[in-house]
Amino acid sequence: MDGREIPGFYYDRDNGKYYKILEPHNAPGPAAKYTSQNIKLEQQKLSAQKDAAIRTTKRQQETVVRRYLKNSLFQATLDREIGSRRASYYTKNIWPDACASRLAGEPHDIVTIPPRSRLRHFDRDPVTRTLYAVHGDNKIKSLRSKPPTYFDPAADDDNDWGGTVIPKACSTKLLSTPITIRPRLYNEYGRTWHDLATLTSPISSLSILPTSSALAATTYGSDRPPVVYFCDPDTDGPFVGQQFTPKNTSGIWASAAKPTFSTEPRNSIALTDTENLAVAASKSLLLFARSPTGGAWDFTTVLKTDSDILSVDWMSPTLIALGERSGKIRLYDTRSKGSSHILTHPGPVLRIRRADDPTRVVCAGMQDTLFLYDIRSRCLSSASPYAFNGQHRNHHPRSDNHKKRKRENRATPKYSQPVLSFQYCNTGDQHLGIDIHPRLGLVAAAQDSTSVSMLRLHNLWTGKVVKEYSRFKKLSGSDYLHDTSTISRLKFMEDDGTGPGEVRR
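No gaps in the numbering here: position 34 of the sequence shown is 34 in UniProt numbering, and each next residue is one more.
Note that these hints are calculated values from the structure, not bench results. Do not rely on the hints blindly, as some may be mistaken.
Estimated spans, in silico, between C-beta atoms of each pair [to be verified]:
no., residue 1, residue 2, range
1, Asp51, Thr200, 52 to 62 angstroms
2, Gly136, Ser307, 42 to 52 angstroms
3, Asp333, Ile54, 34 to 44 angstroms
4, Asp429, Ser307, 34 to 44 angstroms
5, Phe74, Arg335, 52 to 62 angstroms
6, Lys464, Gln367, 31 to 41 angstroms
7, Thr211, Gln367, 33 to 43 angstroms
8, Ala98, Lys50, 17 to 27 angstroms
9, Thr211, Thr359, 52 to 62 angstroms
10, Ala53, Phe244, 49 to 59 angstroms
11, Asp333, Gly428, 26 to 36 angstroms
12, Asp51, Gly428, 17 to 27 angstroms
13, Gln75, Gly237, 53 to 63 angstroms
14, Asp357, Glu62, 19 to 29 angstroms
Result set (DSS-like, lysine-lysine): computed pairs, CA atoms no more than 30 angstroms apart in a straight line [unchecked claim]:
no., residue 1, residue 2
15, Lys247, Lys283
16, Lys474, Lys464
17, Lys464, Lys328
18, Lys58, Lys474
19, Lys58, Lys33
20, Lys146, Lys491
21, Lys58, Lys328
22, Lys20, Lys40
From a predicted model like this one, the values you see are computed outputs, not experimental measurements. Glycine is no exception: its CB is placed at the ideal position from the N, C-alpha and C atoms.
Based on the sequences and whatever the hints tell you, model everything.
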């Protein structure tokens, strides 16, 4: 017998015989082996074993097993060559604390804004050091930098900010949205803002493209449709730009320009220098492109989703991370034009940032969720990830009287378990900013108005708080001023050593 399938019969490979399939009511007893139900269970078991064997074989074929080297010098050299060296204790624990200690204890003001106005978004050109900011809801203005040796005598005579100048050796500045403006000693920027553009609805994002220093802005949309606006301020001047109105889009939440850290390996074929801007629309991802030599912008809708895309960031030259309102975290590959749902956050992903590696991502959301995920660890668990900081309970509690495991799994949501949980306070503000400096190992996160801290700096590798900026400012004696404002935009900026390096606010 060759074991071919015969209708109504089952071939037992152990005995090498065919047996007639019996219905349960015609079987001689409950222990009958060749009933339709028992055969179905046996076939499912064999299918599961076959799939497991295929997965094991595939894993063995695709896994590169490194040869064990007895010589420790050879092992260290190999680790250094392939970049798999583990970070030292100094790098993970002492280095971020040392970098944060060089930052000023109090924020310093760097610009002057008109009365009853607020800067909601900003960015700075790394070449010309020109500052671009959104005044109010929809006005974009620019403020040019003065020579680095400029000295403000008025600020020297009216030194009311009560701080000390930080030495120029501090090479990193943290720039946040200015709330209260006071004169300062080294005034890098002037006092005159120049109008650049006025859009038709509130602006949702503002960014500088690092290749050409072009300016990109997006709007939420209101009674007017949302738009994507591009301009080259140094070349074209004010009120000259290119505007796009995507169809079937109710709002644009965020955008991310392809950053300069996205460099290809030296031993690979270099990509073209095309400028790219990823735009998170209501339920779609838009990708804008332009040649670096100039020309018009062009865009395509590369991805459609079932939920609004609230945040976007570049993980590598060809990989984009997306955060959805439903909590899903997706990856989109610009080469294969494919996407995948890799992680699940407990709530809407309001901010998403690349960490120190393309496989690690930091996500911020409501209900005090600021987590570090590793896309290589995609395990889901019904346990609440809020248990990491010990301050929250699962807002989807399970009752204790579940009798069936299947019903329990359906009633309990599944979340991705984070690698780290940072101390974060955000109960319902969707405009709080975060930023990451991978080389310094610092995570800057703004806190909402209910927290005693306005800004916290965390260790990227341990999650520990290394520095805090309080909301309570000492006036005189025992009097304190409670600042209830929040920071909507945070950005680490490199200082070339020509200006005073301090934490600026």
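Structure-based check of all given hints:
Under the hint 52 to 62 angstroms, the C-beta atoms of Asp51 and Thr200, about 55 angstroms apart, fit the expected range. About 30 angstroms separates the C-beta atoms of Gly136 and Ser307, a value inconsistent with the hinted range of 42 to 52 angstroms. At roughly 25 angstroms, the beta carbons of Asp333 and Ile54 sit outside the given window of 34 to 44 angstroms. Evaluation of the 34 to 44 angstroms hint for Asp429 and Ser307 yields a failure: the beta carbon distance comes to about 20 angstroms.
Taking the beta carbon of each, Phe74 and Arg335 are about 35 angstroms apart, not inside 52 to 62 angstroms as hinted. The hinted window of 31 to 41 angstroms between Lys464 and Gln367 is violated, with their beta carbons roughly 22 angstroms apart. Judged by the Cβ atoms, the range 33 to 43 angstroms given for Thr211 and Gln367 holds: they are separated by roughly 38 angstroms. Against the hinted window of 17 to 27 angstroms, the Cβ-Cβ separation of Ala98 and Lys50 comes to about 56 angstroms, which falls outside the hint.
Separated by about 25 angstroms at the C-beta atoms, Thr211 and Thr359 break the suggested range of 52 to 62 angstroms. Separated by about 52 angstroms at the C-beta atoms, Ala53 and Phe244 satisfy the suggested range of 49 to 59 angstroms. The hinted window of 26 to 36 angstroms between Asp333 and Gly428 holds, with their beta carbons roughly 34 angstroms apart. For Asp51 paired with Gly428, a C-beta distance near 45 angstroms fails the hint of 17 to 27 angstroms.
Separated by about 59 angstroms at the C-beta atoms, Gln75 and Gly237 satisfy the suggested range of 53 to 63 angstroms. Judged by the Cβ atoms, the range 19 to 29 angstroms given for Asp357 and Glu62 holds: they are separated by roughly 21 angstroms. In summary, the hint linking Lys247 to Lys283 is supported, as the alpha carbons are separated by about 12 angstroms, within the 30 angstroms threshold. For the given pair, Lys474 sits about 26 angstroms from Lys464 by alpha-carbon distance, which is consistent with the 30 angstroms threshold.
Restraint check for Lys464 and Lys328: the C-alpha separation of about 26 angstroms stays at or below 30 angstroms, so the hint holds. The straight-line distance between the Cα atoms of Lys58 and Lys474 is roughly 64 angstroms, outside the 30 angstroms bound, and the hint therefore fails. Distance restraint check for Lys58 and Lys33: the Cα-Cα separation of roughly 34 angstroms exceeds the 30 angstroms cut-off, and the hinted pair is therefore not satisfied. Simply put, Lys146 and Lys491 have alpha-carbon atoms about 21 angstroms apart, close enough for the 30 angstroms limit, and the pair holds.
Proximity of Lys58 to Lys328 is assessed by CA-CA distance (about 28 angstroms); at most 30 angstroms being required, the pair is judged to hold. Simply put, Lys20 and Lys40 have alpha-carbon atoms about 14 angstroms apart, close enough for the 30 angstroms limit, and the pair holds.
Checked against the numbered hints listed earlier, the structure breaks hints 2, 3, 4, 5, 6, 8, 9, 12, 18 and 19; every other hint is satisfied.
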